[in-house]
Amino acid sequence: MLSGVLTRTDTGVALAGRSVTLHSRKHGVTAWSTTVKTATTDSTGHYKFTVTPSGSTDYYVEYLANSSTALGTGSSTVTVS
Amino acid sequence: MGQRPGQVDLQVRLDRRHHRQLAGQGVRRRQRGWTSSRATLATTLKGKQVKFRFRLQSDGLDLASSAYGWWVDGVSVNSCVKAPLAPPSVAISGHHRTATLTWGAADVNGGDAIKAYAVYVNAPGQTPVRTTLAATARSYTFSGLTDKVGYTFKIQAENASGLYSPYVTKALIGTG
Chain A
1 MLSGVLTRTD
11 TGVALAGRSV
21 TLHSRKHGVT
31 AWSTTVKTAT
41 TDSTGHYKFT
51 VTPSGSTDYY
61 VEYLANSSTA
71 LGTGSSTVTV
81 S
Chain B
1001 MGQRPGQVDL
1011 QVRLDRRHHR
1021 QLAGQGVRRR
1031 QRGWTSSRAT
1041 LATTLKGKQV
1051 KFRFRLQSDG
1061 LDLASSAYGW
1071 WVDGVSVNSC
1081 VKAPLAPPSV
1091 AISGHHRTAT
1101 LTWGAADVNG
1111 GDAIKAYAVY
1121 VNAPGQTPVR
1131 TTLAATARSY
1141 TFSGLTDKVG
1151 YTFKIQAENA
1161 SGLYSPYVTK
1171 ALIGTG
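Those sequence lines, one after another, are chains A and B. Position 66 (the first sequence) corresponds to 66 in my numbering; numbering is contiguous. Position 68 (the second sequence) corresponds to 1068 in my numbering; numbering is contiguous.
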């Protein structure tokens, strides 16, 4: 399972009800897959994805925002072997 | 009022008083009355004091000049151009590492055509970065924004007289 929390960086307040996407690629490959998973942050800003990697796989989570109040952000890349 | 930016209308009246002083210099009675002139001032004179001087000539020769104590009457400065109002309907949309600012035409232009829009992006503690856009522009996308940082965005309109509207400011919070 991959999980994290989305917050405002100025106040640290959690952002609930925001859509985040999980990107993946085979480790060692440059391009990210066009297939993504989507989750919504809960009332405490947390999100989670259940993944079943076949082989070593890179993941990162992106918040696109598309908002009149916030900018998006991206997580660091994690590799699951 | 019919003037273009920087235009000034000047009127001078040659009356009986002046006529007596100019007696014997070729000025005839029927030359009394008002005359006018229109001058266009360079925009570089904005904010500076300007003196106007009339010369009365006959056959290419100076008969009199206001520079030598002669009277200049009825000088009227009719520059009507003001700063435009801020563009309406300004909105911001934040994305991942980009933001798009949109706005409507600044139709209250202060009396002179809108020449450009200036948009600014500003991260906390940094100098705002300005981009100048054509008068036809209605949106601009700021790219290369940094994750986890909040930004402020501003826009103002500029008319052809070089006068700027007030800013419209929008802000986007950073997320992480």
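Rather than coming from a laboratory, the hints here were simulated on the basis of the structure. A virtual CB, placed ideally from N, CA and C, is assigned to each residue, including glycine. Some hints here could point you the wrong way.
In silico EDC-like pairs for lysine to aspartate or glutamate, Cα to Cα no more than 20 Å straight-line [said to hold, decoys possible]:
| hint | chain 1 | residue 1 | chain 2 | residue 2 |
| --- | --- | --- | --- | --- |
| 1 | A | Lys37 | A | Glu62 |
| 2 | A | Lys37 | A | Asp10 |
| 3 | A | Lys48 | A | Asp58 |
| 4 | B | Lys1170 | A | Glu62 |
| 5 | B | Lys1148 | A | Glu62 |
| 6 | B | Lys1048 | A | Asp58 |
| 7 | B | Lys1148 | B | Asp1112 |
| 8 | A | Lys26 | A | Glu62 |
| 9 | A | Lys48 | A | Glu62 |
Computed footprint of chain A on chain B, listed as stretches where at least three residues anywhere in the stretch have a Cβ under 8 Å from a Cβ of chain A [to be verified]:
| hint | segment |
| --- | --- |
| 10 | 1091 to 1104 |
| 11 | 1130 to 1140 |
| 12 | 1167 to 1174 |
Hint check results:
no.: 1; hint: A:Lys37 <-> A:Glu62; verdict: holds (10 Å)
no.: 2; hint: A:Lys37 <-> A:Asp10; verdict: violated (28 Å)
no.: 3; hint: A:Lys48 <-> A:Asp58; verdict: holds (16 Å)
no.: 4; hint: B:Lys1170 <-> A:Glu62; verdict: violated (23 Å)
no.: 5; hint: B:Lys1148 <-> A:Glu62; verdict: holds (12 Å)
no.: 6; hint: B:Lys1048 <-> A:Asp58; verdict: violated (66 Å)
no.: 7; hint: B:Lys1148 <-> B:Asp1112; verdict: violated (42 Å)
no.: 8; hint: A:Lys26 <-> A:Glu62; verdict: holds (18 Å)
no.: 9; hint: A:Lys48 <-> A:Glu62; verdict: holds (12 Å)
no.: 10; hint: 1091 to 1104; verdict: holds (count 8)
no.: 11; hint: 1130 to 1140; verdict: violated (count 0)
no.: 12; hint: 1167 to 1174; verdict: holds (count 3)
Against the hints set out earlier in the document, violations occur for numbers 2, 4, 6, 7 and 11.
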